[in-house]
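Engineer: Below are the chains, spelled out letter by letter.
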Amino acid sequence: MIEIEDVHKSFGLLEVIKGVTMNVARGEVVSVIGGSGSGKSTLLMCVNGLEPINSGRILVDGTVVHARETDLNKLRTKIGIVFQQWNAFPHLTVLENVMLAPRKVLGKSRQDAEAVAVERLTHVGLADKLKVYPSKLSGGQQQRMAIARALAMSPDYMLLDEVTSALDPQLVGEVLDTLRLLSSEGMTMIVVTHEIRFARDVSNRVAFFHQGRIHEIGPPEQVIGSPRQPETMAFLKSVL
Amino acid sequence: MFNASISPNDILFMLRGAGVTLLLTFWAVLGGTLLGVAFGLLRATAPGWPSYALGTLLDVFRSVPLLIQLILATAFAPIAGLDWQPFTVACLVLAVYASAYCTEIVRGSILAVPLSTRRAARSLGLTWWDDLTVIVFPIALRVGLPSWMNLALGLMKDSALVLWLGIIELLRSSQIVVTRTQEPLLVLMIAGTIYFLISFPIARLGTWFETRWQVHD
Ligand SMILES: Nc1ncnc2c1ncn2[C@@H]1O[C@H](COP(=O)(O)OP(=O)(O)O)[C@@H](O)[C@H]1O
Ligand SMILES: [Mg+2]
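Listed in order, the protein sequences are those of chains A and B.
Using my numbering, read the first sequence as starting at 25 and increasing by one per residue.
Using my numbering, read the second sequence as starting at 21 and increasing by one per residue.
Chain A extracted, bound-state conformation:
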């Protein structure tokens, strides 16, 4: 379970997250929608400790993320995160990209890491690209590789930050299908997205972010179907 309790976060003088409270239960899919600059990416990076916070706290399975004694590298093996830009390691093949962390972080043998990597890459439909370098992949394929790379750590949670925003429209579908597959398998996910239809179909709850706060949160039928806040309505109108 991910528990976010009254988190505040500033970059210098700019307060980007202004008291966010939200829980994500095991097996739940929560979509985060909201305008650019509202603090969605920052929140995800706080959840796995890539960014420090100013006050409040975040717990992952009861572990306080920003506590001094927390082993972040260990915690991060539980939390897969995929970013908007494709962050392939350009000097490694697709297979090596996915094998790297299981070997380095989990200490798996080459055979074990390779077996897991092949399995995950097959899962996201890249079984025929194992020996290829990432530059030879399309954006959608690179993004699916990044998802497989995160999945190879057998995470309990997946955080996905606008994973389709940088893709050509015709490539969005294949990545969303991969996410649908994950959610059908019971993966716990926080999905930052502008794909409103996807958010409505897949999420258990939708959170609308506005100026560093959760402005509205609830089941998709409510937040997307019949929003109560005028800002939510305005945002939905702007992206639909």
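Wrong hints could be hidden among the right ones.
Claimed, not checked - Coverage of chain B stretches by chain A, computed from C-beta distances (three or more under 8 Å per stretch; other residues unrestricted): (1) 127-141; (2) 144-150; (3) 153-160.
Read the hints as simulated data drawn from the structure, not as lab findings.
Just so it is clear, the structure is predicted and the values come from calculations on it, not from any experiment.
Where a beta carbon is used, it is the ideal one built from N, C-alpha and C, also for glycine.
Dock chain B with the ligands against the given chain A, drawing on the hints supplied.
Structural biologist: The following block gives chain B with the ligands in isolation, referenced to the frame of chain A:
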């Protein structure tokens, strides 16, 4: 024709000079690279005043002409109580001079690795050190290699300046042969050829690495 007066011994003498040039270049490149990697890493990963101070110090070595540095170091070494051979002084000065350039190459190459790539590595649970050695260095190496090759080749040519310290390297040995044989053009052509024969394999090796790696990006 005009090569009658050059003896095999003269050629041998020049080749021995070339050996000194190679040795000087080797130590300068080795020392400069080791220092440069350490300094460059510091400059790229630990901003703040120590890094800034180091940068300013190295700027001095980059902006004062090498010849002045060589002569000053030779003059001050005995005053500082250091009983060093001119060859040792020359190697050290060249290494520090090289490190000043290498530091900037390393720093620039490390900073050229996108932050988002490093974030992705850390988010997978890789440690700071793993991120540096498995992700940043291999990518930075590809970025920095051409500049580093240029530095190495430049050092080999700059090393000729140590003749002012009385060290008989390739250029100085050529001068001596010229004085003896009065065949400046031929001797310089031979010296130039030797310089080329030393550089060429190094340059080819660099190109080979570049093309080998280019396929992967
Ligand atoms: N590393 C940073 N340093 C300073 N400001 C930042 C940094 N990252 C994000 N910001 C600022 O924080 C705000 C929220 O950014 P972000 O979390 O990326 O929003 P979103 O993902 O919702 O578009 C923006 O105003 C952005 O400019
Ligand atoms: Mg964002």
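Engineer: Hint by hint, note whether the structure agrees.
Structural biologist: Now the hints, each set against the structure:
{"no.": "1", "hint": "127-141", "result": "holds (count 6)"}
{"no.": "2", "hint": "144-150", "result": "holds (count 5)"}
{"no.": "3", "hint": "153-160", "result": "holds (count 4)"}
Taken one by one, the earlier hints all hold for this structure without exception.
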